[in-house]
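Produce the entire structure from the sequences given, and follow the hints as far as they go.
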Amino acid sequence: MVATPGSPAPRSAPGSSGTGRLVFYLALGATLMVADHRGRYVDAAHTAAQALAGPAYALASAPSRAVSGLADAFRERRGLLQENERLRQDLLQLRATLAKSASTDEENLHLRRLLRARDRIGLETLLAHPVEVDLDPFRQRILLDRGSEQGVRVGLAVIDDRGVLGQVSRVERDRAEVVLITDASHALPVTLLRTGLRTIAFGVGDGHTLRLPYIPFSADVREGDELVTSGLGGRYPAGLPAGTVRSIKPGDAGTFAVGIAAPASDTARADLVLLLSERRLPLRYDDGTVVEWQGPPESLETPRAEPVPESSP
Amino acid sequence: MSRERSVSLLFWGSIAVALVAAVVPVPQALVPFRPFWLALVVLYWSLEEPERMPLGLAFGLGLCADVLAMNLLGETGLRLAVLDFILLRFRSRLRFFPMPQQSLAVFALLLNDRVLLIMMRAFSVPVPFGLELLFAPLVGTLLWPWLFLLLDGLRLRTRPREA
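As you go down the protein sequences, you meet chains A and B in turn.
One point on numbering: in my numbering, the residue at position 75 of the first sequence is 75, and numbering is uninterrupted.
One point on numbering: in my numbering, the residue at position 65 of the second sequence is 65, and numbering is uninterrupted.
Source of the hints: derived by calculation from the structure; they are not laboratory data.
In this text, a Cβ means the ideal position worked out from N, Cα and C, and glycines have one as well.
Among the clues, some could well be false.
[Claimed, not checked] Derived CB-CB ranges, DEER-like:
hint : chain 1 : residue 1 : chain 2 : residue 2 : range
1    : B       : Pro27     : A       : Glu223    : 42 to 48 Å
2    : B       : Val17     : A       : Glu76     : 32 to 38 Å
3    : B       : Gly56     : A       : Gly54     : 44 to 50 Å
4    : B       : Pro98     : A       : Arg75     : 48 to 54 Å
5    : A       : Val258    : B       : Ser92     : 50 to 56 Å
6    : A       : Lys249    : B       : Pro27     : 31 to 37 Å
[To be verified] Some chain B residues close to chain A (C-beta under 10 Å, calculated; not the full set):
hint : residue
7    : Val24
8    : Pro32
9    : Asp66
10   : Val67
11   : Leu68
12   : Met70
13   : Gly74
14   : Leu117
15   : Met120
16   : Val125
17   : Trp146
Here it is, written out as structure tokens:
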């Protein structure tokens, strides 16, 4: 410690503050962060530690659970009946829509068979509730009450009743962390429903905005255009509602137009979500070769190129 | 209960409360105002009983907070170690500051912590820049005198009367 001449030397408790220690902990913290960010070295330890966080989460979510419990207990019978009535109507409407789309599906299947195209994917679903805790305020993430024991895997798409919400980024035994599409690190391949234009929607990090920075100037994009997932990248099934275009203006670089969209799902407070997993049938070629679909990569990192084995001389 | 045991209880209890308070859900509008509870508690203990709060413990508590908030492991640890280091270095002066001045010092520490956070996040996912970044340090500063008085009152109550 350097005592500045002329000032009363600020001495602290002996042995409790050494610059050496600080440097040590700074280095340790930085190393841990980099290792955790790279996601392969301390991941197992992090996940194991996470498993111990359960009681803390239970404690943290107790107040809000108590409040919603009370609200449920005091809900009037009339309100419940009204809600029931409304849900019945919704169900009826959805059934009618479903019946119509079933015939379209049938027709589609027939056409696909004619084209010898790959059969349509099957979807498996799993319901989950978000755990009522607030994670880091600068990242858009939620925690679900289902984990690897219930079959949750990294990379599953998560939707709520209005549209796509995000994807599973970390799985524990009985909890899973979901990165929302509004997170600043998230990119979602989308299609403009009206024109079929494919582009990418990036999160901004504020919870209610998507950014579409790569729209060609020649493209026809208007305010109010609906965005759906394009299914490219294999992470999200195609055709899920993703958002609505709010505005479009020329980008700063002058090479692309930049669109701003609002997400379709309720990213702030979803109370029931659906996890989707796709089962794709193997691809059959005419010469009899069958290619199994590999599925999206297990981790969220971009797959690294395998080293090419050196050809023996 | 012996004094040592009840002070330990207060020590770990305040830390546990601060850890959980960081993840208690609050309405969306209040999120930017959530103070850095753990930092306030760490500051209090290293100010009053520094032998209980060495740098290593501050770092370890930060790791716990990271696990709870599902952050990158080590981020909060690093921030708390820096806070604790600065406080321990100026402890002998801060201890005898009048309360308003001490609160200002805490504000400076919390601001420094924000700067550190922004710098660290610049490497992964940048923090959206805005005035809201100042809300949490302000709330923390306003809470500091009350937290200090509360913890001090509880801690001094554990002293034997006749002493």
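Results for each hint:
1. Between Pro27 of chain B and Glu223 of chain A the beta carbon distance is about 30 Å. The supplied range of 42 to 48 Å is therefore violated.
2. Under the hint 32 to 38 Å, the C-beta atoms of Val17 of chain B and Glu76 of chain A, about 37 Å apart, fit the expected range.
3. Distance hint for Gly56 of chain B and Gly54 of chain A: a CB-CB separation of about 26 Å, inconsistent with the stated range 44 to 50 Å.
4. Here the CB-CB span from Pro98 of chain B to Arg75 of chain A is close to 52 Å, well matched to the stated 48 to 54 Å.
5. For the pair Val258 of chain A and Ser92 of chain B, the beta carbons lie near 54 Å from each other, so the given range of 50 to 56 Å is met.
6. About 32 Å separates the C-beta atoms of Lys249 of chain A and Pro27 of chain B, a value consistent with the hinted range of 31 to 37 Å.
7. Hint on Val24 of chain B holds. Least Cβ distance to chain A is approximately 5 Å, under the 10 Å limit.
8. The restraint placing Pro32 of chain B at the interface with chain A holds, with a minimum CB-CB distance near 7 Å, inside the 10 Å limit.
9. Taking 10 Å as the C-beta cut-off, the interface hint given for Asp66 of chain B holds, the closest approach to chain A being about 9 Å.
10. At a threshold of 10 Å, the smallest CB-CB gap from Val67 of chain B to chain A is about 5 Å, leaving the interface hint in force.
11. About 5 Å separates the beta-carbon of Leu68 of chain B from the nearest beta-carbon of chain A, less than 10 Å, and the hint is met.
12. Satisfaction of the interface hint for Met70 of chain B is found here, the shortest Cβ-Cβ separation to chain A being roughly 5 Å, below the 10 Å cut-off.
13. Given hint, Gly74 of chain B at the interface with chain A, holds; its Cβ is 3 Å from that chain's nearest Cβ, closer than 10 Å.
14. Nearest Cβ of chain A to the Cβ of Leu117 of chain B: about 8 Å, under the 10 Å cut. The hint holds.
15. The beta carbon of Met120 of chain B is positioned within 10 Å of a beta carbon in chain A (closest approach about 7 Å), and the interface hint is therefore held.
16. For Val125 of chain B, the shortest C-beta to C-beta distance to chain A is roughly 5 Å, which falls under 10 Å, so the interface hint holds.
17. With 10 Å as the threshold, the beta carbon of Trp146 of chain B stays out of range of chain A, its nearest partner Cβ sitting at about 20 Å, so the hint is violated.
Comparing the model with each earlier hint shows violations of hints 1, 3 and 17; every other hint is respected.
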